[in-house]
Structure formats: structure tokens, C-alpha cells
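Just need the whole structure built from these sequences, with the hints factored in.
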Amino acid sequence: MSGTESVAFDTPQRERRADTFAMWVFIGSEAMLFGAIFLVFLVAHIDFGPAFAAASKRLSLPLGTLNTAVLITSSFTMALAHMLALHRRWRPTIWALVATAALGVCFLIVKGIEYGKEISEGLAPLLGLPFRYAGPDPVHAEFFFGLYFTMTSLHALHLIGGIVVIAGMIALWRPSGPANRLRRVVAVGLYWHFVDIIWVFMFPVLYLINR
Amino acid sequence: MSFGVPFFPHEASSEAGYVDALFYTLLVFSAVLGLTLTGLVVGYAVKYRVGSKADRTGQRSRTMWLEMSWTVASLIIAFIFFGWGAVLFVRRDHPPADALEITGLGKQWMWEFKQPGGQREINELHVPVDKPVVVSLASQDVIHSFYVPAFRIKQDAVPGRTTHVWFIATEPGRYHLFCAQYCGTQHSEMGGWVTVMAPEQYAAWLNSQGEGETLAAGGEKLFRALGCSGCHGASSKVRAPSLDGIFGRPVALDNQQTVIADERYLRDSILNPKKEIAAGYEPVMPSFDGLIDEGELQMLLAYLKSLSPQPTAGAKP
Amino acid sequence: MSELRKLTFGYLGLLALLALTVGSSFVALGGFNVALNLAIAAAKAILIAMLFMHLTGTLPRLAVAAAGLWLVILFGLTLIGR
Amino acid sequence: MTNAAMQGTYLGQGSGLRAWLLSTDHKRVAWLYLISLTAFFFLGGAMAVLMRIELATPAGDLVSDDVYNRLFSLHGIIMVWFFLVPSIPATMGNFLLPLMIGARDLAFPRLNLASWYVFIFGSLFALFAVVAGGVDTGWTFYTPLSTLYANGFVSTAAFGVFVVGFSTIMTGINFIVTVHTLRAPGLTWFRLPIFVWTLYATSLVMVLATPVLAASLILIVLERVFGIGIFNPDLGGDPLLFQHLFWFYSHPAVYIMILPGMGVVSEVLPCFSRRPLFGYKAVAMSSMAIAVFGFLVWGHHMFVSGQSAYAGVVFSFLSFCVAIPSAIKVFNWSLTLRKGEISFETPMLYALFFLGLFTFGGLAGLFLAALAVDVHVHDTYFVIAHFHYIMVGGMVTAYMAGLHFWWSKLTGRMYSETAGRIAATVTFVGFNLTFFPQYMLGFNGMPRRYHTYPPEFQFWNVLSSAGAVVLAIGYLMPLFYLGWSLFRGARAPDNPWNATGLEWQTSSPPPPHNFETMPVVTRPAYAYDMKGLEHERFSPHREEAAR
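Protein chains in written order, with this note's numbering: chain H, 1 to 211; chain G, 1 to 317; chain U, 1 to 82; chain V, 1 to 547.
Certain hints may be false.
[To be verified] Residues of chain V placed beyond 12 Å of chain H at every Cβ, according to the derived structure:
#1 109
#2 166
#3 479
[Said to hold, decoys possible] Facing chain G, according to a computed beta carbon distance under 10 Å, are these residues of chain H, among others:
#4 48
#5 49
#6 50
#7 51
#8 118
#9 119
#10 121
#11 136
#12 138
#13 140
FYI, nobody ran anything at the bench for these hints, they're computed from the structure. Being a predicted model, the structure only gives us computed values, none of them experimental. C-beta: ideal position from N, C-alpha, C; glycine also.
Okay, here's the thing in C-alpha cells:
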């Protein structure tokens with residue numbers, strides 16, 4: 001086989017083109033998943049705007065902003081990895097990937113701190129935990145926090161998936177040839193940036209609405 | 001009916017005839033089109049079977065005009081049926097002004113109706129003949145659907161909102177009432193009969209049920225018991241809008257918009273008071289979500305409506 | 001490498017937009033706040049897509065356009081009834 | 001099956017369990033799907049037969065109401081997600097797509113195999129739900145019944161469906177990329193067989209609609225397991241929003257289920273009438289139109305749900321629009337027969353029955369799109385009859401047509417033509433006997449999902465139940481004669497029907513990587529009327545010899 005992973009392709013170039021296209025189709029599909037969840041949020045926001053605005057003030061804006069910056073930085077390092085891989089500079093590529101995954105873990109840790117804070121304040125309407133909310137309209141504030149936990153944990157799951165894939169890629173780095181290395185960096189990169197874009201929308205929607 | 005086998009459902013409401021006219025027109029159209037196509041396919045299959053002597057020479061390629069003409073023809077026919085159905089459908093939203101208003105509450109697995117005079121019945125609904133009736137539907141648990149085949153009407157009862165369905169029964173008799181939306185274990189048992197009676201029989205029936213407390217009267221008691229009158233009453237210290245004659249009137253909101261105080265608005269104002277705040281008032285009213293059940297809400301709405309001189313039952317803006 | 005410079009400028013741009021969106025939320029602009037926040041988010045998304053994800057070529061753009069169109073359908077037709 | 005004659009074909013590449021379960025050859029993956037889907041089809045079918053027997057009498061005397069509700073819920077869940085959605089795409093589509101476009105495999109063979117494992121993993125959850133005690137929400141999972149009131153294994157089943165959704169998306173992505181990047185030289189878009197067009201359109205729907213279903217199922221599971229009330233009316237959640245999300249997937253899913261069937265029929269009809277498909281471009285474009293318009297009409301499931309009348313009118317209008325491309329197709333198929341030389345082998349019989357059943361199911365769709373009539377027949381047996389005419393009368397019939405048409409390619413064997421014709425006819429008669437009475441029931445007002453019913457409906461119910469038995473026999477017959485042919489059937493020639501597609505230019509069964517040399521395409525699809533061959537049975541060999 002002429003350096004392609006799939007028997008279907010005759011040249012690595014054609015295969016890479018197909019890879020990229022497939023990743024974009026997958027991203028389109030994922031966009032529909034998050035789109036549906038955002039729609040649920042939008043409908044609830046139309047119905048209970050004031051309650052949602054009041055509830056969103058209880059989230060930690062500094063931590064949220066920090067996390068956005070962390071994720072943007074991880075996207076940057078991922079873009080660097082892509083650039084380096086194109087130039088076949090494999091060692092720095094690995095370091096850029098490690099940095100990306102580390103920043104992803106960093107995001108999760110900050111998110112975990114936020115979750116811990118919200119749970120201890122009684123703002124997590126999960127698993128029958130008591131919901132203690134002093135502000136006006138606690139019923140719909142509970143709805144807001146339900147959506148908040150749903151959306152952020154779904155995003156976090158995607159991020160965890162990305163970190164696992166990067167880790168696996170680094171583990172399999174040695175045995176794979178240059179063509180496959182580049183393919184994988186490109187594919188994972190597209191996914192990682194997409195997860196970043198989702199957060200770019202989630203952040204203002206959850207943290208900043210009608211502040 | 002023939003030999004007890006149902007071929008055509010009974011027509012017992014003012015709408016039934018209109019719906020059936022469209023149905024039978026569609027039926028004739030479908031039958032003609034379907035049988036023509038069947039004839040065409042069977043005809044071709046026989047004529048051009050292998051070994052037949054049929055003439056196979058001549059025009060072979062597709063013809064533009066033929067394709068265009070059937071496309072356009074289907075388009076026009078489709079739009080006719082669309083318009084016809086839509087006109088009848090939109091009528092569902094406009095019940096006559098003088099309609100008798102009955103509340104229907106769906107719960108697993110029964111229908112509970114309350115006549116305007118407060119008479120309560122389970123899985124039975126008594127209505128007078130030739131008089132418009134609006135049933136305002138609510139649900140206590142899951143989605144149910146109020147369905148009377150003989151009247152050709154159906155409407156879901158959705159938890160968290162009030163929906164309406166209206167009809168004019170044209171023939172005394174007893175008709176099936178079903179729940180058409182799957183609602184759990186005993187879904188098929190949920191339903192009973194709609195009894196259509198001559199006006200004088202209906203009046204006699206109402207009397208025999210005893211003078212229950214009217215819905216509005218029950219709502220008024222609740223209005224006091226829940227403390228609504230403390231703020232909305234004439235002599236209250238907290239400034240809250242007066243609710244006299246509120247139903248059906250436009251209300252100015254603090255975001256410069258105006259809404260008609262219909263059932264949806266009143267319901268939201270009780271359960272979610274912060275959503276639309278009347279202009280000039282502080283958003284101090286607590287939500288009654290979870291404090292009152294659907295039946296009590298229906299009584300409150302009936303009371304609020306009774307404060308308006310000309311109740312336009314279920315009218316939408 | 002000019003490529004590196006492009007990426008770095010993109011990154012700094014993203015951080016600037018982040019500062020802008022957070023800052024704007026402290027200024028009361030009424031309903032305009034939401035619009036501004038979403039516009040900035042869209043700008044960030046476009047920046048990431050074009051610079052980091054190299055959104056070029058007909059096929060990837062086709063995929064993005066399809067997803068965009070379908071999201072419009074989903075949001076539009078769900079909201080007309082409300 | 002493996003013997004000397006199969007050497008050099010894909011069936012000769014090892015016969016152990018390992019060689020089948022780990023092969024990334026699209027043809028073997030197709031078999032994995034075929035076997036699992038057949039099991040699900042008969043499981044779902046058995047539930048249907050039980051329901052029909054229960055409904056032979058008005059009283060609920062065979063099974064209790066709880067059991068009945070579980071039967072129809074699981075019948076729906078299994079048939080929709082574990083049979084109909086993957087049916088043609090994952091079996092025949094998987095097998096034929098690379099063959100038809102002259103590729104050695106799908107673009108991502110490993111993804112293809114993975115999709116089957118994901119499918120099996122997800123379906124095990126659903127099967128667990130069946131064994132553990134069932135689900136009683138209906139396949140529609142309407143909230144708040146599914147979230148707050150149902151006592152079955154809703155989360156398990158919903159999670160199973162969610163996982164199977166991933167398998168669907170994987171298949172969709174694979175097909176889309178394959179069609180775009182792996183077509184043989186000369187195979188332009190408008191030379192593609194219609195089957196490929198419909199698979200492409202189907203994949204589009206799979207990729208863009210399935211995630212929305214996934215989202216709504218996630219929200220249901222979250223609500224049941226974690227107590228986050230997204231659709232809970234007590235928290236201000238909107239039960240209708242769930243219906244919007246659900247039907248945004250589930251209406252287009254209907255087109256996932258029917259489009260590939262239309263593709264199969266578009267292959268079979270020209271072949272057995274020896275005529276090019278009438279209006280090829282119109283049929284191809286209408287497939288795409290159906291895939292796109294299919295997304296605009298979901299609100300017609302909600303006319304009486306409490307959504308605004310305005311939305312109802314808009315959705316009704318759009319629903320009538322989607323009828324047009326389907327009508328175009330039916331006209332084109334019918335006219336394909338004109339001036340043909342028609343023979344009636346089993347695939348052709350199934351295709352003709354498809355034409356009739358699909359037409360009468362589709363015409364009933366007009367009734368349902370017409371607002372005022374829908375108010376009356378919505379959620380009654382009229383709807384049941386309508387979508388079974390499309391899904392079973394349409395899709396399953398097309399599935400059988402395709403299975404017989406390509407059986408020789410799949411196995412290298414021929415089935416018994418007599419048995420095939422008898423089974424097709426029995427199916428057709430049984431189907432109409434089962435489902436036509438349901439139109440009458442629905443028009444007379446019998447609601448769907450009823451365990452018991454008023455006695456006056458019994459006449460039609462008895463007819464329908466009798467039909468179900470006939471239909472079951474019709475579906476069981478192929479299981480036996482096709483199974484028999486697998487081991488004892490006559491060896492198939494490479495191109496038994498003298499059909500034109502690229503898939504027929506390989507051996508039966510095809511070699512591991514499909515084509516020894518890359519084929520070059522010089523003709524449009526369905527060139528059954530090539531110069532000098534108008535009245536001949538087309539054969540690539542003969543053409544080669546003539547050259």
C-alpha cells in the first residue's frame with residue numbers, strides 16, 4: 001500500500017483530503033447536537049429571562065473568564081502543533097500537543113473548582129441535592145442551574161474525549177509513520193478547535209447574559 | 001353502519017360535515033389518482049411483458065412538458081387541499097362568543113369535567129344540543145388528548161398550559177370520548193361518553209346534579225384564602241393592579257409592550273409573575289407555581305374571568 | 001515564519017475579543033448586550049475557523065454551510081410557534 | 001460455504017469467527033449487519049403479532065395493559081432504530097456503495113466495522129431493557145410521561161438508542177465522504193446510480209438529524225437519572241419543546257427509512273423492464289429535495305399538541321410541498337415501464353408491490369397534511385396504517401426486492417425463483433389485509449396504542465389480525481429458502497439479470513478489494529437502450545465480444 005491507511009485510497013494526499021472532509025462533516029453533526037441544547041436554553045431564556053439573568057450572576061465570572069482564556073490558549077498551542085507537524089518538526093510538535101492536553105486538564109480543574117463551589121453553595125439541583133437559592137424566583141433559577149450543569153458537563157465530556165485522544169496519539173507516536181502522524185494531528189486539531197468554539201458561545205450565554 | 005360494521009363515522013357536530021367534505025374529496029382524488037397509476041402500471045406490465053408483440057418503437061427519451069405538467073398539476077392540487085384544510089383549522093381558534101364554558105382536567109387515567117355551575121363529572125360530559133361549548137383543557141400530570149370522533153375534534157391537554165377545543169353538537173345522543181395521546185398504563189381506559197341532550201333535558205340534568213359551588217365562586221374563595229385579595233383587593237396597602245374586568249383587556253407592560261390579558265397571560269402571571277410585569281408596578285408578587293394544582297388554577301381563572309362584564313370565552317387576541 | 005506570526009496575531013486577537021466581551025457586560029446596554037456578546041462570539045468562532053482550522057476548500061465549506069443552514073431551520077421553525 | 005469455487009472471492013478470505021468479526025471489508029461488515037438486523041426484524045415482528053392477537057377481541061384478555069404497552073413501545077423502538085434506520089443503508093448500502101462507484105472499499109473501513117460494534121453495544125442496552133422489564137413510553141418517549149411517570153427501563157432503552165445513533169452517524173459520514181472522494185474515473189454525479197444518490201441523501205439526514213435526537217435523549221436520561229428537570233413543567237420546562245426536538249429528528253428519520261428503498265426500486269424497475277429510468281435527473285434531484293424538505297415539516301406531528309395555529313398552518317403548507325418530489329418519483333417509476341420488455345422475477349414483483357403500497361401510503365399522507373382532517377385522524381389507526389404502508393409496505397418491500405436482486409452478488413448463489421414469487425405475493429396480500437382495515441379503524445375514530453377498544457371496532461380488528469398472520473408467513477418464507485440457497489443454491493453467474501451497474505462487472509461474489517483494475521465509466525446509468533441493444537438483454541460480456 002502506498003502509505004495510505006485505508007485500502008480505498010491510492011495516494012496519501014487523497015486520503016488526507018477525505019480525512020479533513022470527514023472531520024468537518026463530523027463537526028457539522030456535533031454542531032447540531034450542541035445547537036439543540038442551545039435551543040433548549042434559548043427557549044427557556046425567552047420564557048424566564050429575568051430569573052435566568054439573576055441566576056447567572058451567581059456563577060463565578062473570574063473563573064469563567066480564566067477558563068475561556070485557558071481554552072483559547074490551548075487552541076493556539078494546538079494550531080502550533082499543526083503548523084509544526086506540517087514542517088515535520090516532530091519533537092516540538094509533541095511538546096505543543098502536550099501543552100494542549102495540559103491546558104485542557106487545567107480547564108477541567110478550574111471547572112471542577114467552580115462545580116465544587118456551586119455544590120457547596122447549594123446551587124446544584126442534581127441527584128436530589130438540596131437547592132438553596134436566596135434570590136427571587138428560585139423555581140426558574142433551579143431550571144437555569146440544571147441547564148448550566150447539563151451544558152457545561154456535556155462540553156467537559158467532549159474536552160475529556162479530546163484529551164484522551166491526544167494522550168493516545170502521543171502513546172502511539174513512535175510506531176506511526178510521518179503521514180499518519182500528520183493525519184492524526186490535523187484531525188484531532190479540528191476537533192479540539194471545535195470544542196473551543198462551543199465554549200466560546202457557551203461562555204457569554206451562561207455567564208454574561210443580561211449581566 | 002351496515003351489519004354493525006362501521007364504515008363511516010357518525011357526524012354529530014357542526015364541524016363534522018365540513019371536515020368530512022374535505023375528507024371525501026381527498027378520498028375521491030386519491031382513489032382516482034391511485035387507481036389510475038395502478039391501471040397504468042398493470043397495463044404497462046401486461047402490454048410490455050416479455051414476448052408480447054407490443055410496439056416498442058418511437059419516442060424513448062423523457063419529455064420535458066410531461067414532467068413539468070405533472071409537477072405543476074400536483075403543486076396546484078396540493079395547494080388547494082392545503083388552503084381548504086387550513087381555513088377549517090383556523091376556525092378551531094375562534095370559538096363563538098356566547099359559548100358555554102366547561103373545564104376539563106386530564107389526569108392518569110380519567111377526565112374530570114366541571115360545568116359552569118360547578119357540577120363535576122368523571123369520564124362523562126353532558127352538553128346541550130345546538131349550543132357552542134368550549135372545553136378548556138389542562139392536565140395534572142402527562143399529556144392527554146381530548147378526542148370525540150363523532151365531533152371530529154381533538155386537542156391535547158398539556159401540563160403547564162391551558163388549551164381549548166370547541167364544538168356545537170347537532171344531534172342528541174351518546175358519543176365516545178377518548179384519550180388519544182398515549183398517557184401510561186390505562187391509556188385505553190381513559191375516556192367515556194359525551195352525552196348530548198336537548199336544552200330542557202340538559203337543564204333538568206344540571207338541576208338533578210345539585211347546586212354545586214360554581215367554578216367562579218370556588219375561585220373567589222381561593223382568591224381570598226391564598227391572600228391574592230390582600231394585594232389585588234380595592235383597599236390593600238401594597239400597590240397591585242386591580243383585577244376588575246381584567247380579562248380580555250390590553251395590559252401595558254413595563255417593557256413598553258402591550259399584551260391582551262388572555263388565559264395564557266393570567267396563567268403566567270400567577271405561576272411566573274416576573275415574566276410580564278404590568279407597567280408602573282413593582283415585581284413583588286411571589287410565584288404560586290407548585291402551591292396550587294391545575295384544578296385550583298382553573299377555578300381562579302374562572303373567577304378572574306367572571307370579573308369581566310362580557311366574558312369572551314377562550315377568545316384569543 | 002509568517003505562519004507563526006499569523007497564528008500569534010490570531011491568538012492575541014482572540015484574547016482581546018474575550019476582554020471586550022467581558023468588559024461590555026459591565027456596561028448596561030439593554031438588549032444590545034446579548035447581541036454584542038453573541039456577535040463577539042461569532043467573530044471569535046470565525047477567527048478560530050479561518051486561522052486555526054484552515055477552513056478552505058469546497059468540501060469543508062459545504063459541510064459547514066449545511067450545518068449552518070440546518071441550525072437555522074431548527075431554530076427558526078421551532079420558534080415560529082411560540 | 002467456503003470451498004474451491006469461493007477461492008479468490010471475499011467469502012474465501014477465512015471462515016473463522018475472527019475472520020468475520022475483525023474484517024474491515026465492507027462486504028463482510030454488511031453481512032454482520034444483515035444477520036443482526038434480521039434478528040431484530042423478527043423480534044420486533046413477533047411483538048407485532050402478539051399485539052395483533054391481543055387486539056382480535058375488544059377486551060384485554062391475552063396480555064395485561066402494562067405488557068401491551070411494553071409490546072408496542074419495544075416494537076416501535078426495535079423496528080425504527082434497530083431495523084428500519086440501518087436496514088438498507090447498513091446492509092445493501094454497505095455492500096454495494098463501493099462496488100457501484102468503483103471503489104475498493106468505503107473511505108474509512110475501520111470506522112465502518114466500528115459502527116457495527118457500536119450498533120451491537122447500543123442494541124444490547126435495548127435488549128437488556130426488554131429482558132429486565134421493558135419500556136412503556138412508546139417509541140416517541142414523550143415527556144413528561146417518559147421523564148416523571150413511566151416506570152420501565154426508560155433510561156436504559158434511551159441510552160441504547162443514543163449509542164446506536166452514533167453508529168448511524170458513523171455510517172453517514174463514511175458514505176458522504178466515500179461518494180465525494182472515491183468515485184471511479186468518468187463516474188460523474190449524473191452518472192451515479194439512483195441507489196447511490198439516495199444513500200447520499202440518506203447520509204445527509206443521518207448526519208444532521210441524529211445529533212438532535214441524541215440531545216433530546218441525553219436530556220431525558222439526565223432528568224431521570226440526575227433529576228435535572230429540563231422538560232419538567234413544574235420547573236417551567238416545556239413538554240412541547242421535547243416534541244419539537246424529537247420530531248426534528250424523527251420526521252427526517254422517516255426519509256432515512258424510505259429513501260434507500262426508493263433507490264433500490266430505481267435499480268430494479270429499469271433492469272427488469274430493459275429501459276433506462278424515466279427522468280433520471282428528476283429522480284436524483286427529488287431524492288435530494290426530499291432529504292432537505294424533510295426537515296421542514298416536523299410540526300405536522302403537532303397540529304393538536306397546543307402549538308400555535310400559525311405554526312400549524314406553516315407546517316401544513318410545507319408538508320404539502322414535500323409531497324411533490326415523492327409524486328414526481330412515482331410518475332417516473334411508472335413511466336419507466338413504458339415500451340419496456342418486462343419480466344417478473346422476484347425482485348421485480350417486490351418492486352411493483354412497493355410501487356402500489358408506497359402510492360397508497362403516500363396518498364394517505366395528503367389526508368394527514370390537510371389540517372382539519374388531521375385533527376380528526378391524528379393519533380388514530382389511520383396514522384398507523386399510513387406509516388406502515390410507507391415503512392413496511394414501502395421500505396421492507398424494497399428491502400426484500402434488493403435482497404433478492406443482489407442475493408447472487410452477496411452469496412454467489414441463486415435462490416428458488418418459485419419460492420420467491422410465492423413469498424412476494426403472500427406478503428403483498430397479507431400486508432393489505434393487515435393494514436387496509438386500519439385505515440377504516442382510524443377514520444372511524446379508534447385511537448392508537450389502545451389495549452382495549454369499543455366492541456364496534458372488532459370487525460376491522462379481526463381482519464387486521466388475520467392479515468398479520470399471513471404477513472408473518474410471507475416474511476418467514478424467505479428466511480427458509482434464502483437460508484437454504486446459502487448452502488445448496490445453484491452457483492450464480494456474475495450478472496444473472498444482465499444489469500448495467502458497475503457492481504455487476506465483478507465476479508459473484510466479488511473479490512476482496514472489489515476490482516482488479518480500476519473501472520472507467522463511459523456511460524450514463526441504466527444504459528439499457530444502448531445503440532443496437534434496444535431489444536437485447538444487455539450484457540457487458542457481449543458488448544466486449546462485439547468490440
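Do the hints match the structure? See the list:
1. 109: Incorrect as stated: the minimum Cβ-Cβ distance to chain H is 6 Å, not above 12 Å.
2. 166: 10 Å, violated
3. 479: Given a closest Cβ separation of 33 Å, the condition holds.
4. 48: Cβ of residue 48 of chain H sits 7 Å from chain G, so the hint holds.
5. 49: This hint holds: residue 49 of chain H lies near chain G, its Cβ roughly 8 Å from the closest one there, short of 10 Å.
6. 50: 5 Å, holds
7. 51: Holds, about 6 Å.
8. 118: 23 Å, violated
9. 119: For residue 119 of chain H, the interface hint is violated, since the closest Cβ of chain G sits about 23 Å away, which is over 10 Å.
10. 121: 22 Å, violated
11. 136: 7 Å, holds
12. 138: 9 Å, holds
13. 140: Check passed: Cβ of residue 140 of chain H comes within 7 Å of chain G, closer than 10 Å.
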